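*Asks:* Below, each chain spelled out in residue letters.
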Amino acid sequence: MATSTGSDSERWQIYEVVLRYCRGLDRNDKALMRSAYHADGIDHHTGFTGTADEFIEWLTPLWRDYQGSMHFIGNHWAEIVGDDAVVETYGMSVHWGKLDEDGKNTTNGFRYVDHMTKRDGLWAISERWAARDWTRSDAGRYVPKEAEGPTGTRTQEDPLWVLKRKLQIG
Amino acid sequence: MATSTGSDSERWQIYEVVLRYCRGLDRNDKALMRSAYHADGIDHHTGFTGTADEFIEWLTPLWRDYQGSMHFIGNHWAEIVGDDAVVETYGMSVHWGKLDEDGKNTTNGFRYVDHMTKRDGLWAISERWAARDWTRSDAGRYVPKEAEGPTGTRTQEDPLWVLKRKLQIG
Amino acid sequence: MATSTGSDSERWQIYEVVLRYCRGLDRNDKALMRSAYHADGIDHHTGFTGTADEFIEWLTPLWRDYQGSMHFIGNHWAEIVGDDAVVETYGMSVHWGKLDEDGKNTTNGFRYVDHMTKRDGLWAISERWAARDWTRSDAGRYVPKEAEGPTGTRTQEDPLWVLKRKLQIG
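Chains as they are written, first to last, in our numbering: chain A, 325 to 494; chain B, 325 to 494; chain C, 325 to 494.
Calculated directly from the structure, the hints in this document are not laboratory data.
Careful, some of the hints might be misleading.
Identical chains share a label here; the pair holds if one copy fits it or two copies do between them.
[To be verified] Straight-line C-alpha distance at most 20 Å; calculated DMTMM-like pairs for lysine to aspartate or glutamate:
| # | residue 1 | residue 2 |
| --- | --- | --- |
| 1 | K490 | E470 |
| 2 | K428 | D389 |
| 3 | K442 | E378 |
| 4 | K354 | E340 |
| 5 | K428 | D462 |
| 6 | K490 | D462 |
Note that the structure is a prediction, hence the values are computed from the model and not measured.
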C-alpha cells in the first residue's frame with residue numbers, strides 16, 4: 325500500500341490537472357487541454373506516442389470527425405512523494421458522430437496513468453500512459469432528445485462558457 | 325484557466341450539494357433533492373425551465389414511470405470566487421423500467437452547469453443548466469441478476485436507509 | 325440531511341479505502357483488495373454473504389473466467405460521526421471475457437453501502453452491502469482497439485505497476 329506525503333490541497337490541484345485535460349478536449353479549449361502537461365510533457369495513447377504538442381496536433385483532425393465527446397472520469401488516486409506523484413484516473417470516453425454515422429459511436433474504458441511532477445509550485449503531467457482497457461461500439465444506440473433543453477456544444481455558446489462569462493469567473 | 329478562491333472544505337460542501345440532488349432523486353427523498361437548491365433556485369432541463377419547486381412537481385409523474393434511476397456523477401469542478409461558484413459536474417443518468425418495457429431504458433450523458441451561491445454560510449444552487457450531451461437507448465440490454473443479493477430500492481428498505489437508521493447517522 | 329463530523333483528511337482516507345478495493349480487484353492485487361476491510365469485515369454481495377476472507381475466496385474462480393474488469397466509481401458520500409461512517413459510493417462494474425465470449429460481457433450498476441469504522445487511526449470497512457441496481461448485457465458490443473497502445477493488464481506489466489516501480493512509489 326502506498327505511503328503518500330501530499331497535502332489535501334495538493335490532491336485537489338492534481339485532480340484539477342485531469343479536469344483541465346477533459347474539459348479542454350470536450351469543449352474545444354486546446355490551451356486548457358495543453359495546460360495539463362508540463363512544457364516537455366509526453367503522452368502515450370492508442371495509436372500515438374510523442375510530446376504533448378505533437379499529441380494535440382495528431383488528435384485535432386481525428387477529433388473533428390466527431391460531433392462531440394465526453395471524457396468521463398471516476399476513481400482518482402494520487403500517490404504523492406515529494407514533488408513526484410503516480411496518479412491513476414479511471415475513465416470512460418464517449419464519442420459520438422452524427423446520428424446516422426454509427427461507426428463513430430464508441431465508448432472506451434481506460435485509465436490515465438500519469439507521472440505528475442511539481443515544478444515552481446505547479447503540478448502537471450510529465451508523462452502519461454492512457455491505458456485502454458476496453459472498446460465498445462455504441463452503433464445504433466443513440467437516439468434524439470425527447471424535448472428541447474440545454475445542450476452541450478464545442479462552441480462559446482455551451483452553457484458552461486455562457487455562465488462563466490456572465491459571472492466573470494475563469 | 326480559472327482562479328479559484330474557495331477553501332478545501334468549501335469544495336467538499338459544494339460536492340455534497342450535487343450528491344444531495346442525486347441521492348434525493350434516486351432514493352425518492354424529495355426534501356433531500358430540494359435541499360440542493362436555494363429557496364428561489366431555478367432549473368433548466370430537457371423539456372423544462374422554471375423554479376426548483378416547479379421542477380420537482382414536473383418530474384414526479386415522469387419519474388413514477390420508471391422502476392429506478394441512477395444519477396452517476398464523475399468530473400466535478402468548482403470554480404469559487406467569493407460567495408459565487410461555477411460548478412460543472414459530468415453525469416450519466418441511467419433509467420430503467422420493467423424488464424419488458426424497453427422504451428424506458430435509456431442512459432443520458434449530461435453536465436450539470438450550476439451557478440451556486442453561499443448564503444448564511446450554506447452553498448446551494450441558484451441556477452442550474454442540465455446540458456444534455458447524448459441520449460442512448462438501452463432497449464433490450466437489461467437482464468435479470470444472476471443470483472439474490474442486496475438490491476437498490478426507492479423505499480425505506482434500501483440498504484442505505486437501513487444502515488443509517490441502525491447507526492443513527494443522518 | 326446528515327450532520328457529519330469528519331475532517332477533510334478523513335474524507336480522503338475513506339475515499340482511498342474504496343479505491344484500494346477497486347484497484348486490488350481490477351489489477352489482481354488481493355492483498356490490496358483485502359486491506360479495504362478490517363480483519364473481521366463482512367461483505368454482502370449478489371450471490372454471497374460472509375466474511376471478507378470468504379468473499380475473496382469465493383470471488384477468485386469466478387473472476388478468472390473474465391479477461392478483465394473495471395470497477396468504476398462515481399458519487400462518493402461519507403457521513404462520519406466519531407469513529408463510525410456510513411459511506412455510499414455509486415459504481416458501474418464492467419466485466420469482459422474474450423471478444424467471442426459474449427455471455428461474459430456485462431455491466432452492473434451498483435452502490436457500495438459501507439459501514440466503515442476507524443480503529444487505531446485507520447478507516448476500513450466493517451460491513452458492506454453491494455446493492456445491485458441494474459445489470460446490462462454488453463454481448464456483441466466489444467470491438468478490437470483501432471491501433472496499438474498502452475493496455476490494461478492483470479499482470480505486473482500494467483502501466484500503473486511499471487510506473488510505480490520506476491519511481492519507487494507505493
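*Asks:* If a hint holds in the structure, say so; if it does not, say that too.
*Replies:* Status of each hint after checking the structure:
no., hint, result
1, K490 to E470, "neither (29 Å within a copy, 42 Å between copies)"
2, K428 to D389, "within (8 Å within a copy, 30 Å between copies)"
3, K442 to E378, "neither (22 Å within a copy, 42 Å between copies)"
4, K354 to E340, "within (16 Å within a copy, 30 Å between copies)"
5, K428 to D462, "both (8 Å within a copy, 18 Å between copies)"
6, K490 to D462, "neither (36 Å within a copy, 37 Å between copies)"
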